[in-house]
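Please work from the sequences and hints to get the whole structure.
As given, the protein sequences belong to chains A and B, one line each in that order.
Residue numbers for the first sequence follow this note's numbering, so the first one is 34 and each next one is one higher.
Residue numbers for the second sequence follow this note's numbering, so the first one is 1136 and each next one is one higher.
Calculated from the structure, these hints are not laboratory results.
Accuracy of the hints is not assured; some may be wrong.
Said to hold, decoys possible - If we take Cβ atoms under 10 Å as the criterion, some of the chain B residues that face chain A in the derived model are:
1. 1168
2. 1177
3. 1191
4. 1224
5. 1226
6. 1227
7. 1246
8. 1248
9. 1251
Claimed, not checked - Straight-line Cα separation of at most 25 Å, SDA-like style, residue types lysine to any residue; simulated pairs:
10. 70(A) x 1179(B)
11. 75(A) x 1187(B)
12. 75(A) x 1220(B)
13. 75(A) x 1222(B)
14. 70(A) x 1165(B)
Think of the CB as a built atom: it goes at the ideal place given N, C-alpha and C, for glycine as much as any other residue.
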Amino acid sequence: GENVEQHPSTLSVQEGDSAVIKCTYSDSASNYFPWYKQELGKGPQLIIDIRSNVGEKKDQRIAVTLNKTAKHFSLHITETQPEDSAVYFCAACGSSYKLIFGSGTRLLVRP
Amino acid sequence: GAGVSQSPSNKVTEKGKDVELRCDPISGHTALYWYRQSLGQGLEFLIYFQGNSAPDKSGLPSDRFSAERTGGSVSTLTIQRTQQEDSAVYLCASSLWGDIWTGGGDSPLHFGNGTRLTVT
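Set out below in structure tokens:
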């Protein structure tokens, strides 16, 4: 079945620096790739998503890139702020309606 | 507006007991999902409801797990004869419609804050 791998598992950056999280997926039929942010004690919240007919999408300080040939996609956060500290999950929707999630990246932004 | 509501927020139970976890989706959302999140892990799909269709139970880990969705709205996840390995956060999510494949960002998943289950 569909498998999504995510790395790194933890990431520590200095405030103002950029952070990059990478994911790979196995189902070549996948066509929807959302990213979720989860703060402590809360459910994941959608922050950005991309469809397979688009290579890049940007929303203020966050951007997502997709390489369908290589079957990987990445989240880029620029000018990181302490409030960006959270766990980030990538996900992919393949030949089904189910979102398959990566294992998460714990991002720490140091003031 | 109101988001996805889950209750209880925390549940401690003894091994062997049955538990029921409740999810109130966003009003009007036809699709409802249950996921399980073990400590430090990703989200594991459990079950999916879409309208009046038969649910997709392919992610349920054992026959001790079951779920219902009454009247196309509220859902209950039941775990019978709980085991320590059942300890996790159980997350419910809903979306306007279930066709994520084609609906994509027009119908994102909205998650509740989860129920933290601890089996002692």
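Against the structure, the hints come out as follows:
no. : hint            : in the structure
1   : 1168            : holds (8 Å)
2   : 1177            : holds (4 Å)
3   : 1191            : holds (7 Å)
4   : 1224            : holds (9 Å)
5   : 1226            : holds (6 Å)
6   : 1227            : holds (8 Å)
7   : 1246            : holds (3 Å)
8   : 1248            : holds (5 Å)
9   : 1251            : holds (9 Å)
10  : 70(A) x 1179(B) : holds (16 Å)
11  : 75(A) x 1187(B) : violated (29 Å)
12  : 75(A) x 1220(B) : holds (22 Å)
13  : 75(A) x 1222(B) : holds (17 Å)
14  : 70(A) x 1165(B) : holds (24 Å)
Hint 11 from the earlier list is the only one contradicted by this structure; the remaining hints agree with it.
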